[in-house]
Amino acid sequence: GAVVSQHPSWVICKSGTSVKIECRSLDFQATTMFWYRQFPKQSLMLMATSNEGSKATYEQGVEKDKFLINHASLTLSTLTVTSAHPEDSSFYICSARDARGTNTQYFGPGTRLTVL
Amino acid sequence: DQQVKQNSPSLSVQEGRISILNCDYTNSMFDYFLWYKKYPAEGPTFLISISSIKDKNEDGRFTVFLNKSAKHLSLHIVPSQPGDSAVYFCAATTSGTYKYIFGTGTRLKVLA
Numbered sequence: 001g002a003v004v005s006q007h008p009s010w011v012i013c014k015s016g017t018s019v020k021i022e023c024r025s026l027d028f029q030a031t032t033m034f035w036y037r038q039f040p041k042q043s044l045m046l047m048a049t050s051n052e053g054s055k056a057t058y059e060q061g062v063e064k065d066k067f068l069i070n071h072a073s074l075t076l077s078t079l080t081v082t083s084a085h086p087e088d089s090s091f092y093i094c095s096a097r098d099a100r101g102t103n104t105q106y107f108g109p110g111t112r113l114t115v116l
Numbered sequence: 001d002q003q004v005k006q007n008s009p010s011l012s013v014q015e016g017r018i019s020i021l022n023c024d025y026t027n028s029m030f031d032y033f034l035w036y037k038k039y040p041a042e043g044p045t046f047l048i049s050i051s052s053i054k055d056k057n058e059d060g061r062f063t064v065f066l067n068k069s070a071k072h073l074s075l076h077i078v079p080s081q082p083g084d085s086a087v088y089f090c091a092a093t094t095s096g097t098y099k100y101i102f103g104t105g106t107r108l109k110v111l112a
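Here the protein sequences come in this chain order: A and B. Just so we're aligned: 67 in this note's numbering is position 67 of the first sequence, and the numbers increase by one with no gaps anywhere. Just so we're aligned: 11 in this note's numbering is position 11 of the second sequence, and the numbers increase by one with no gaps anywhere.
Mixed in with the good hints there might be a few duds.
Claimed, not checked - Straight line, CA to CA, 27 Å or less: simulated DSSO-like cross-link-like pairs of lysine-lysine:
hint, chain 1, residue 1, chain 2, residue 2
1, B, Lys5, A, Lys41
2, B, Lys37, B, Lys5
3, B, Lys37, B, Lys68
4, B, Lys99, B, Lys5
5, B, Lys99, B, Lys37
6, B, Lys99, A, Lys66
7, A, Lys14, A, Lys64
8, B, Lys54, B, Lys68
9, B, Lys99, A, Lys20
10, B, Lys68, B, Lys5
11, A, Lys64, A, Lys20
12, B, Lys56, B, Lys109
13, B, Lys56, B, Lys37
14, B, Lys109, A, Lys64
15, B, Lys109, A, Lys41
16, A, Lys55, B, Lys99
17, B, Lys99, A, Lys41
18, B, Lys37, A, Lys41
19, A, Lys55, A, Lys20
20, B, Lys71, A, Lys41
To be verified - Derived contacts from chain A toward chain B, CB cut-off under 7 Å, selection only:
hint, residue
21, Leu26
22, Gln29
23, Leu44
24, Ala99
25, Arg100
26, Thr104
27, Phe107
28, Gly108
29, Gly110
30, Thr114
If you are wondering where the hints come from, they were derived from the structure by calculation, not from laboratory data. Here a beta-carbon is modelled for each residue, glycine too, at the ideal position from N, C-alpha and C.
The shape of chain A in the complex, shown without the other chains:
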């Protein structure tokens, strides 16, 4: 149980294009989903918290107009990197918290974004 998937697992795009990453909880309903990014040899940094049916809450320093988050259902959240630039290249990871209220987040396998 508690499986979270992400799609795509990797993507290469040209500078200026937009990229959408999907995060799905496969066997549970997720009231809250989280989006992280990880630079090489660094820790996971929380970008935003996504609650189903409401606007995402962004961490300080994260541009909400650049990283659009939509949490349309209890099993799906999407992150769209708009007008991507090379500095947006990173490993993006989502996690989901079970709607039954546990304090444990379950993570997706991550998406490697490379912007040329």
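Given the structure of chain A, go ahead and fit chain B onto it with the hints provided.
This is chain B only, laid out in the frame that chain A set:
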């Protein structure tokens, strides 16, 4: 301001011996702590957690110890196996926020 720190970036242990990974935190509001294991280019995998009302939690080969007065937690893996080789992150959160603060990670290498 790094609220959660893992001061050892790497650790090597012989197979069969104990691995001890350490984590320190500064925020006294944290009341729930977790350990995750991560392989390169994969998402973290949940290992074990502990609430601040406890000082120890055990699950198979993994035991987490919490010392609230010292704001310190540790993960013990006994016996260590080569498959345990990965990066281990500790995370801390405050109930109700559900936001995790991750440590910087410790790369564990278990030598056969």
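Comparing the hints with the structure gives:
1. B:Lys5 to A:Lys41: Distance ~14 Å between Lys5 (chain B) and Lys41 (chain A) Cα, so the pair holds.
2. B:Lys37 to B:Lys5: With a Cα-Cα distance of about 16 Å, the restraint between Lys37 (chain B) and Lys5 (chain B) holds, given a limit of 27 Å.
3. B:Lys37 to B:Lys68: Holds, at about 23 Å.
4. B:Lys99 to B:Lys5: 16 Å, holds
5. B:Lys99 to B:Lys37: 18 Å, holds
6. B:Lys99 to A:Lys66: 21 Å, holds
7. A:Lys14 to A:Lys64: 21 Å, holds
8. B:Lys54 to B:Lys68: 9 Å, holds
9. B:Lys99 to A:Lys20: With Cα atoms ~23 Å apart, Lys99 (chain B) and Lys20 (chain A) stay inside 27 Å; holds.
10. B:Lys68 to B:Lys5: Roughly 15 Å separates the two Cα atoms, so the pair holds.
11. A:Lys64 to A:Lys20: 14 Å, holds
12. B:Lys56 to B:Lys109: 24 Å, holds
13. B:Lys56 to B:Lys37: 19 Å, holds
14. B:Lys109 to A:Lys64: 39 Å, violated
15. B:Lys109 to A:Lys41: Roughly 16 Å separates the two Cα atoms, so the pair holds.
16. A:Lys55 to B:Lys99: 16 Å, holds
17. B:Lys99 to A:Lys41: 21 Å, holds
18. B:Lys37 to A:Lys41: Given pair Lys37 (chain B), Lys41 (chain A) holds - Cα atoms ~14 Å apart, limit 27 Å.
19. A:Lys55 to A:Lys20: 17 Å, holds
20. B:Lys71 to A:Lys41: Cα-Cα ~25 Å, so holds.
21. Leu26: Check failed: Cβ of Leu26 (chain A) comes no nearer than 13 Å to chain B, outside 7 Å.
22. Gln29: Violated. Min distance 15 Å.
23. Leu44: Holds, because the Cβ-Cβ distance from Leu44 (chain A) to chain B comes to roughly 5 Å (cut-off 7 Å).
24. Ala99: At 12 Å from the nearest chain B Cβ, Ala99 (chain A) fails the 7 Å test, so the hint is violated.
25. Arg100: 13 Å, violated
26. Thr104: 6 Å, holds
27. Phe107: 4 Å, holds
28. Gly108: The hint holds - Gly108 (chain A) has a Cβ within 7 Å of chain B, the shortest such distance being about 5 Å.
29. Gly110: Holds, about 5 Å.
30. Thr114: At about 12 Å, which exceeds the 7 Å cut-off, the nearest Cβ of chain B leaves the hint on Thr114 (chain A) violated.
Hints 14, 21, 22, 24, 25 and 30 from the earlier list are contradicted by this structure; the remaining hints agree with it.
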